[in-house]
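Student: Sequence:
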Amino acid sequence: MSHPVLPAKDEGLALVLTILGFFFVAGLQYFYIGKIFTGILFLLTLGFLYVGTIISLFTIRGETRRVNARRAYGYS
Numbered sequence: 122m123s124h125p126v127l128p129a130k131d132e133g134l135a136l137v138l139t140i141l142g143f144f145f146v147a148g149l150q151y152f153y154i155g156k157i158f159t160g161i162l163f164l165l166t167l168g169f170l171y172v173g174t175i176i177s178l179f180t181i182r183g184e185t186r187r188v189n190a191r192r193a194y195g196y197s
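This note's numbering numbers the first residue of the sequence shown as 122 and each following residue consecutively.
Don't read these hints as lab results, they were simulated from the structure.
It cannot be assumed that every hint is accurate.
Straight-line alpha carbon distances no greater than 20 Å define the calculated EDC-like cross-link-like pairs of lysine to aspartate or glutamate that follow [claimed, not checked]: (1) K130 / E184; (2) K156 / D131; (3) K156 / E132; (4) K156 / E184.
The following label-pair restraints were derived from C-beta to C-beta distances [to be verified]: (5) P125 / I175: 35 to 45 Å; (6) T166 / P125: 33 to 43 Å; (7) G155 / F179: 16 to 26 Å; (8) Y194 / L170: 34 to 44 Å; (9) F144 / Y194: 15 to 25 Å; (10) L127 / R182: 12 to 22 Å; (11) I157 / E132: 11 to 21 Å.
Glycine is no exception: its CB is placed at the ideal position from the N, C-alpha and C atoms.
Generate the whole structure from the sequences, applying the supplied hints.
Tutor: So, in structure tokens, the structure goes:
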């Protein structure tokens, strides 16, 4: 049985949401890529006092690629 392929998440938008975390709401990038628990954690801790948000600037593209790969194989 074939599963429908889910649309890919945009790496650029995930990066923009990460940058917006410095000014508005931290964790939006994780809600966007489907990591709800991590998004809530960032939201409640202000992105681990912005240290986590800085780290996310460098890691969100890779995380988005991993999510897209999982979605392409139907593991979402």
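Student: Under the criterion that the straight-line Cα-Cα distance not exceed 20 Å, is the pair K156, E184 satisfied?
Tutor: holds, 10 Å
Student: Within 16 to 26 Å or not, the Cβ separation of G155 and F179?
Tutor: Given a distance of about 20 Å, which is inside 16 to 26 Å, the answer is holds.
Student: Kindly confirm whether 35 to 45 Å is satisfied by the beta carbon distance between P125 and I175.
Tutor: Holds - the Cβ-Cβ distance for P125 and I175, about 36 Å, lies within 35 to 45 Å.
Student: Given the hint of 12 to 22 Å, is the C-beta distance from L127 to R182 inside that range or not?
Tutor: Given range 12 to 22 Å: holds, Cβ gap about 19 Å.
Student: What's the verdict on K130 and E184, does the C-alpha distance respect the 20 Å limit or exceed it?
Tutor: holds, 10 Å
Student: Run the distance test for K156 versus D131: straight-line Cα separation, threshold 20 Å.
Tutor: holds, 15 Å
Student: Is it true that the C-beta distance of Y194 to L170 lies inside 34 to 44 Å, as the hint says?
Tutor: holds, 36 Å
Student: Between I157 and E132, does the C-beta distance stay in 11 to 21 Å?
Tutor: holds, 19 Å
Student: For F144 and Y194, compare the CB-CB distance with the range 15 to 25 Å and indicate the outcome.
Tutor: Since the Cβ atoms of F144 and Y194 sit about 35 Å apart, the hinted range of 15 to 25 Å is violated.
Student: T166 and P125, beta-carbon distance inside 33 to 43 Å?
Tutor: holds, 36 Å
Student: Would the hint linking K156 and E132 be met if the CA-CA limit is 20 Å?
Tutor: With a Cα-Cα distance of about 15 Å, the restraint between K156 and E132 holds, given a limit of 20 Å.
Hint compliance for this structure: hint 9 alone is broken.
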